[in-house]
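Engineer: Fit chain U to the given chain Y structure using the hints.
2 protein chains.
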Amino acid sequence: MDGPLLTRVALIGIGLIGSSLARAMRQDGLAEHIAICTRRDSTLAEARDLGLGDSYTTDPREAVHGANLVMICAPLGAYAAIAERIGDALMPGCVVSDVGSTKTSVIRDLSPYVPDGCHLVPGHPVAGTEHSGPAAGFAELFRDRWCILTPPPGTAPEAVGLVRELWQRVGMSVETMDPEHHDKVLGITSHLPHLIAYTIVGTACALQGDIQKEVVKYSAGGFRDFTRIAASDPVMWRDIFLNNKEAVLEMLQRFTEDLTALQRAIRWGEGDVLHQHFEKTREIRRDVVEMHQAGKFIYTENGAERS
Amino acid sequence: MDGPLLTRVALIGIGLIGSSLARAMRQDGLAEHIAICTRRDSTLAEARDLGLGDSYTTDPREAVHGANLVMICAPLGAYAAIAERIGDALMPGCVVSDVGSTKTSVIRDLSPYVPDGCHLVPGHPVAGTEHSGPAAGFAELFRDRWCILTPPPGTAPEAVGLVRELWQRVGMSVETMDPEHHDKVLGITSHLPHLIAYTIVGTACALQGDIQKEVVKYSAGGFRDFTRIAASDPVMWRDIFLNNKEAVLEMLQRFTEDLTALQRAIRWGEGDVLHQHFEKTREIRRDVVEMHQAGKFIYTENGAERS
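Sequence lines, in order, name chains Y and U.
Under this note's numbering, the residue at position 201 of the first sequence is numbered 201, and the numbers go up by one with no gaps.
Under this note's numbering, the residue at position 281 of the second sequence is numbered 281, and the numbers go up by one with no gaps.
Chain Y extracted, bound-state conformation (with noise of 0.2 Å):
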């Protein structure tokens, strides 16, 4: 439709989320150049042998060179380091931007670093499959989900608009949000499950003996879905419990309270108890399918597609 909204873009990180990215943006021609740097060799080449840039390397100095956006896609571990890299090297009026699932984090770990007449806009697309890697990113991973920005007060307008354009036009509805609000809200809803199901399936794989293996023959009763979210980037994971904590730690005394309280009904036989909490949540699906949030993706061995 409309011309390149950007000249020079980089990706700093080439995983599901910057290689989805990538492919997005190729595809609809939002960018004149796209920029790929990565920490690791093989991933770069990964990432030039897909086609997904127009320059590769591993030197984020080299990448950020002349970008008016920078886009970090590396796990939030790594967002020190390369705001200490490149904050010397960006272009004055460059937006520097992020992907990443805590928001807090993201702005102490960046800010300090981002230079008077450059613009930070955290931002965090909610999407993603179990798959990781740049081969496993498809351009549509972003269609008809939510991308949420945080800016710090004070952001100039522009900045914003700029990233808030660049993921409508991949597909993303956008919204704005405080930083600490925004890990809360991800906390339940996307952090707490994946640590839960991380639990869960670690629980199961430190059974002895035969059971081991009929947990995987019979796990159609409910468990797989708990295998493919635990199947989620180790890494990517690590970090977001690290810089999450808070709010994390907060939502699991909660669950821990219900869940005990379940516990509790279970052990003297309390049948009107659970009942009652399985029939309030119920609704909340009836919601999740009225929002479309409920995913129309086809879970194949071979990746999600869209159905």
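These are computed hints drawn from the structure, not numbers from a lab.
Careful: at least some of the hints might be erroneous.
Said to hold, decoys possible - Rough simulated footprint, nothing fancy, chain Y against chain U, three-plus residues with beta-carbon under 8 Å:
no.	region
1	41 to 51
2	269 to 276
What the hints assert, rightly or not - What the simulated footprint calls covered on chain U by chain Y, stretch by stretch (three residues with Cβ under 8 Å from a Cβ of chain Y suffice, anywhere in the stretch; the number is not a length):
no.	region
3	217 to 231
4	238 to 249
5	279 to 287
To be verified - Some chain U residues well away from chain Y (every beta-carbon gap over 12 Å; in silico):
no.	residue
6	Pro4
7	Arg26
8	Leu30
9	Asp59
10	Pro125
11	Ala159
12	Leu162
13	Arg164
14	Ala197
15	Lys213
16	Glu257
All C-beta atoms in this analysis are idealised placements derived from N, C-alpha and C, irrespective of residue type, glycine included.
Structural biologist: Just chain U now, kept in the frame of chain Y:
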């Protein structure tokens, strides 16, 4: 292919599983007569409108009259009362089976009422969706899934063979297992995942103010998988937890210990502990995918369809 396997089958209960079995049996001509029995007039009328059977009654004694197979597809809490009602109305040689998700409780509740000359073959087709009621069923539900039979020691082999053949003819692979072992395996692969999903969705429901709406809006981050599981039939699941108390409480204890360990790692910022754990759980997903239990269903607003 072959002729009818059964002259008369009585389905006691006609929810998701019962109605799916009725559809599959009709489709493949497995029974000359399908007698459908359910407690509520409205459900019976729905089954009749859907044309699921050959006769319809709210009286289980009438349904089982002359049946060579009685398949109980009701919530577990209704089993003992159903068995007491039908026990002396069963035809000599009749096989009594079921589709319940726990097996020791089923033997406890049914065996006192199955007379000499009749045969008890408890079974559990490990298949389902989050939808319930006669209209939610579909003939393909069982295809490529496992069915577990737990016949008590000394059960006549031809009775076990009949139930085995029925499930095989609707597409399942059939295994036999000790009932206590079944309850342990399903405790971890199905019952605990459901309990946890019900809990976290309840925890999210209880959050105050704006955050509740946002939980639905941003559910694509992981939460929506839990809402699907937590939309399952409340009565059915109440009865499962009440009837598999020991195994569920044991697995829950292990889960809680493991969750507490991860919680501690988050609090103390122990990234290595988290990373190691998250690496390990990826492997079990690979096993699930290789076992073809990963689910090739398309989840849509209208229910699950096989892709």
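Engineer: Just double-check Pro4(U) for me: nearest Cβ-Cβ distance to chain Y has to come out over 12 Å.
Structural biologist: holds (29 Å)
Engineer: Determine whether the non-interface label on Glu257(U) survives the test: each CB of chain Y must be over 12 Å from its CB.
Structural biologist: violated (8 Å)
Engineer: Are at least 3 residues of the region 217 to 231 of chain U within less than 8 Å of chain Y when you compare beta carbons?
Structural biologist: holds (count 15)
Engineer: Taking a Cβ-to-Cβ distance below 8 Å as contact, does the region 269 to 276 of chain U have at least three residues touching chain Y?
Structural biologist: holds (count 4)
Engineer: Once the closest CB in chain Y is found, is it more than 12 Å from Lys213(U)?
Structural biologist: Violated, because the least Cβ-Cβ distance between Lys213(U) and chain Y comes to about 9 Å, which does not exceed 12 Å.
Engineer: Could you let me know if the closest chain Y CB is still more than 12 Å away from the CB of Leu162(U)?
Structural biologist: holds (23 Å)
Engineer: Is Ala159(U) truly not at the interface, in the sense that its beta carbon sits beyond 12 Å from all beta carbons of chain Y?
Structural biologist: With a cut-off of 12 Å, Ala159(U) remains clear of chain Y, as the shortest Cβ separation is near 23 Å.
Engineer: Hey, does Arg164(U) actually stay past 12 Å from chain Y on C-beta?
Structural biologist: holds (17 Å)
Engineer: Using a Cβ cutoff of 8 Å, are there at least 3 residues of the region 41 to 51 of chain U near chain Y, or does the coverage claim fail?
Structural biologist: violated (count 0)
Engineer: Is the Cβ of Ala197(U) farther than 12 Å from every Cβ of chain Y?
Structural biologist: violated (7 Å)
Engineer: Between the region 238 to 249 of chain U and chain Y, are there enough contacts, at least three residues with CB-CB distance under 8 Å, for the coverage claim to hold?
Structural biologist: Per the Cβ count (7), the hint holds.
Engineer: Just checking, Leu30(U) versus chain Y, shortest CB gap more than 12 Å?
Structural biologist: Correct as stated: the minimum Cβ-Cβ distance to chain Y is 22 Å, above 12 Å.
Comparing the model with each numbered hint stated earlier shows that hints 1, 10, 14, 15 and 16 do not hold.
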